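Participant: Listed below, chain by chain, are the residues.
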Amino acid sequence: MAAPARGRQVRRPGRTLLLFLAGVVAMFALVGFIDLEDGGGHGTWQPRLGLDLQGGTRITLQAESSGGDVTAANLSQARDIIDQRVNATGVSEAEVTTQGGNQIVIEIPGQERGDIVDQVGRTAQLQFRLVWQQQVASTGQALDDAAAQQAQATVDAADWSALSLDQLIAGETQTPAALPAEYQDAVAALQQQAQAFVCSPGELSVVDTPDEPIVTCDPKTGEVMVLSPAVIGGSHVKDANAAIPQNTAQWVVDIELDGEGSDTFDTVTEALTPAQGRFAVVLDGEVITAPTSNAHITNGKAQISGSFTQETAVDLANQLKYGALPLTFVVNGVSVEGPTLAGSQLQAGLIAGAIGMALVLVYGLFYYRGLGLVVVASLGVAAAITYGLVLLLGQAMGFTLTLPGIAGLIVAIGITADSFIVLFERIRDEVRDGKSLRLAVEAGWERARSTILAADAVSFLAAFILFIFAIGVVRGFAFALGLTTLVDILVVFFFTKPLMSVLARTKFFGQGHQLSGLDAAHLGIEGRKVTEFATAKGGRS
Amino acid sequence: MGRLSSFGQHLYTGRVSFDFVGRRLLWYAISAVLVLGSAAGLGVNGLERGIDFKGGVEFTAQVSDASSASVDRLREAVIDTGLDAASSPVVNTSGDSAIRVQTSALTQDETSQVADALASAGATEVSQNLVGPSWGAEVAKKAATGLVVFLVIVVLFIWAYFREWRMSVAAMVALAHDLVITVGIYAWSGFEVTPATVTGLLTILGYSLYDTVVVFDKVRENTRGITASTSRLYAEQANLAVNQTLVRSINTSITALLPVGALLIVGVGVLGSGPLKDLALALFVGMAVGTYSSIFIATPIAVQLKERDPAIREHTAKVLKRRAKELETPDAVAPATARPVATSAAAGRRQPQRSSRQQRRGR
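These protein sequence lines are chains A and B, in that order. Position 440 of the first sequence, counted from 1, bears residue number 440 in the numbering used here, the numbering being contiguous throughout. Position 276 of the second sequence, counted from 1, bears residue number 276 in the numbering used here, the numbering being contiguous throughout.
The hints are simulated quantities; they were obtained by calculation from the structure and are not laboratory data. Remember, it's a predicted structure, so these values are computed and weren't measured experimentally. Quick reminder that beta carbons are idealized off the backbone N, C-alpha and C, glycines included. Be a bit skeptical, because a hint or two may be false.
Unchecked claim - Under 8 Å between C-beta atoms, here's a sample of chain B residues computed to sit facing chain A:
| # | residue |
| --- | --- |
| 1 | Leu26 |
| 2 | Asn251 |
| 3 | Leu276 |
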């Protein structure tokens, strides 16, 4: 719009056009090339479809702020753990992502697996504890409420965090009576709890406080134990695997602890091994295994053996490995879409897109006649670029096209067409103002350019912010809208405008043929041809 | 179309002019009625919240023939599961080969139970959507945050682009206007509000502002250096801008509404109710209101604010004085020039020579 630009406006529009088209071709070549590289599981020229278009399961878990600090780091750690848990259930190709700052989304394309939700979202707390007292003979008579409360209060009253690791170990190797005198009341209370403990599988509701001793049992064997405060937290487990060692026929579970866990384990096994002491692995207050320490482990690599079957060994390994989530999650949504529904959604999206595009093209041709062809060509190019980008982004960063995404693309047809309309109207304004057509194209562009940029900037901002703050499928919509806004700018600058400049030099458009949409009658100017300047200026002052 | 083009030409030169700016009180009144009506609708009816905002489970069962008979059959099947939460399901057809069943919150096991019941009652495929009670609230919360951030950034953007806070304010008023009326239409019509509707609403924000920016850009162009001239008023130039962009506004609205309309019709026709319909409906309503507001609300407000600017007020007074003087010379046409400066001069007062030319040409 500014005057100084006038000097550099009539350059070689033909060359710009060719370069632009070459760029588009290059992009498609890149799409083909990338696919050759990775061997491509899905069809190269088909976009990756979202769950709503191909069927599948989507599970949304939301972190509860009461269950710990919801930070990006915590969420990302939880995401990793859940990802592993999902894989452990045997579901392949699942995608686990974080979204909206407090949610984790599990997407399983093509499979209807709503059933895994309870397994993967569970916030299990895994702890390693020392066995202070084993095989407690339980009376099976639960304490009455008042007595249970008093016993728990006594346990809570003691300052367990003041005990050193060695003191905790002494509690096992020399019985809890070896603990300092001020703990003896609490120890008595623990014993009282243990004798009254009822071990009923599936109904255990032990409050698993990591820094206090607890009384619990192994539901598989029914053995009741008094356990020390946690010595190693589940997050120190680096790896755990079920395996059958060479020359044996028994399944075992290999575990590997990280540095800190490994140091503690070193001390613990050193002290326990001579006495054939045990430690317990407790998950959510339930003893999942309580092996005897058979060797002094210095490198943090231990092996748990016992009468494992393959199934129980794998289960234990998974529990050890993926035991603790740093956050508590609630199930926010589980959607399972079958392939028929997904197919009809895809079909509906495509039909709507085709009809929408056709209507806009027909209207463009009807109103702008010859210029309508420019609309057709520009929208065609915009559609091709958008499609190419969807393919490219699908391959490069896993962008999937969802139903709202398709809706976004369809809505964008109107916004893209509007850029052409703004340009055409500006050009016509300039002609009405008395300029010859060729000059009007350039002058109209100068004015239209900033309008288009400003309007597209607002539209892009809207899409961008929607993308940042939206959750769920809305993001697909926002992404599509933002993408097409950028494509729109590209097309207007490097395709539509140069095309107009080229066309203005042709006889059909430049001379204002009556079907060109630029003829005098159509523009509503009188008394001169569009190739001429007006002698007196029109209505503008 | 030729007629619309020369109509466009007439609009451009000002030969045909609609007094958008001058009759602003009329537009304000119309909008005030609409806004109040919307607020009343919201108060009286409230919004019909979809399952995403209430929590529950929605099943979509594919059947060979979605009829009232199959609806009844599936309803019975769901009730026969004996689950409390599924004792009064909402069942209706969705398109011609799917039936939608909504129940209250179920556990995953209960969900499978209902899905099995549907399958044994003749559904060939059962899709489920289990929504936790906090999901909708979460969507709404995020949307609200996004809305606030968006508004702040856009106010700054428009202010920076036009170097004019008044235009920011006017655009925001138009935006609020669009949102309230769209929400009001939802309240009165009882259309379901789902996350897709919220998306649609947020998109309207972008669209409404997009439209306003295009009109404002022309206003700015027309009023550049206006204080140096004594022949035109700010209000007149702004009104001319709206008229000049009117053809564009009409064309843009048509091209924007065509695809959205296609989305709406196909969404309802093929899928029945669902995200496609919700989104398209919100967009359709919002875009229509948005076009109205950028012409009838945004520009008049911008002009009204601008006229309080001392420089413009002074300029307006100067122009009016000059016109009054001209009118004292022989063939005076109109009386209206003696208006006090404080009330703004309406844009539609055409200059004498222009209106006489118009008469000469017989329109």
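Participant: Compare the structure with each hint and give your call.
Facilitator: The hints, checked one at a time:
no.: 1; hint: Leu26; in the structure: violated (26 Å)
no.: 2; hint: Asn251; in the structure: holds (5 Å)
no.: 3; hint: Leu276; in the structure: holds (6 Å)
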